[in-house]
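Asks: What follows is the residue order along each chain.
There are 2 protein chains.
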Amino acid sequence: MSEVVGELRDGQQVVRAEVSQLPAIVDLLTDDHLGSARERPADDPAYAAAFEAIAADPNQLLAVVLADETVVGTLQLTFIPGLSRGGALRAQIEGVRVAASQRGSGLGSAAFEWAIEYARERGAALVQLTTDKSRPQAKTFYERLGFVASHEGMKLPL
Amino acid sequence: MSEVVGELRDGQQVVRAEVSQLPAIVDLLTDDHLGSARERPADDPAYAAAFEAIAADPNQLLAVVLADETVVGTLQLTFIPGLSRGGALRAQIEGVRVAASQRGSGLGSAAFEWAIEYARERGAALVQLTTDKSRPQAKTFYERLGFVASHEGMKLPL
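Protein chains in written order, with the working numbering: chain X, 162 to 319; chain U, 162 to 319.
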């Protein structure tokens, strides 16, 4: 049985991802204007290794949204303890995707509202994420949820 | 004995922070135009609790730079396993501070060069951080190290 971590509307559920859902998650990551160039075939062993590392870490939650048992969305929450901001626990969101069939349906907002509430229940004082500047519509989406683009998100590929 | 994780120049060492160094680290976090409004007295129990959570998590490294056994810098490295980018391990840097007495000395660059190399050795494919837009000189500093400001860094305080 999947571990249900949230209920959205219309019977959609947020569950902790299981390894059987890994190909569907990789498909979502790949079906994206940035992901299409970055991702590999879903059976690449790097994904299985990363999945195991996520599952073994209690500060990670790889979540999928299920509609009629089909994976229609995914996001990863990472809880980061830190000293800054008075010893604040941070919740970070990475790897957000919504299936093309569901875009515009409100599923993304519903999933984020769930994630923010989940972070609050786990004691986080801050939710943070970075969004590629080539996705201006994503920035607007996050601003509507209350996020402020106060920081530069800087990346250095190794 | 401290766990030495890096050697800089002039005998400066990077070590895993010990709880006895916590007040000095909080002082560094506070001696900052943003930190001065955000941080609390160093003996606030929230810091001790956060320190314990960091120390208990093998994906966290709270590092301090020592010069003659004095804490002159700090940064926190977080390793985040993820599926995106072909199952890439990310190294994230938070809570960066250099003592006022050392600013302009090259210590910040040396500490970052160490952190980037440490991340590479741990298998990270990407180093990431966010920097407040009210610190434009910090953005330039990171760009000199090779970081690209490709993302918006979005924050939602809870």
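Certain hints may be false.
No copy is singled out in the list; a pair is fine if it fits within one copy or between any two copies.
[To be verified] Restricting the straight-line Cα-Cα distance to at most 25 Å, the calculated cross-link-like pairs of lysine to any residue (SDA-like) are: (1) K300 with G247; (2) K316 with E179; (3) K294 with R199; (4) K316 with F302; (5) K316 with V166; (6) K294 with P318; (7) K316 with G265; (8) K316 with D293; (9) K294 with A228; (10) K294 with G247; (11) K316 with R281; (12) K316 with E282.
These are computed hints drawn from the structure, not numbers from a lab. All values reported here derive from a predicted model rather than from experimental measurement.
Asks: Compare the structure with each hint and give your call.
Replies: Here is how each hint holds up against the structure:
1. K300 with G247: Between copies only: 24 Å across, 28 Å inside.
2. K316 with E179: neither (29 Å within a copy, 29 Å between copies)
3. K294 with R199: Classified as within: same-chain Cα gap 16 Å, cross-chain 28 Å, threshold 25 Å.
4. K316 with F302: For K316 and F302, the Cα distance is within 25 Å both inside one copy (22 Å) and across copies (13 Å).
5. K316 with V166: between (31 Å within a copy, 23 Å between copies)
6. K294 with P318: both (17 Å within a copy, 22 Å between copies)
7. K316 with G265: The answer is between: 23 Å across copies meets 25 Å, while 29 Å in one copy does not.
8. K316 with D293: both (10 Å within a copy, 14 Å between copies)
9. K294 with A228: neither (30 Å within a copy, 39 Å between copies)
10. K294 with G247: Classified as between; 21 Å across copies, 30 Å inside a copy.
11. K316 with R281: between (27 Å within a copy, 14 Å between copies)
12. K316 with E282: Classified as between: cross-chain Cα gap 17 Å, same-chain 30 Å, threshold 25 Å.
In terms of the numbered hints stated before, the structure departs from hints 2, 9, listed from lowest to highest.
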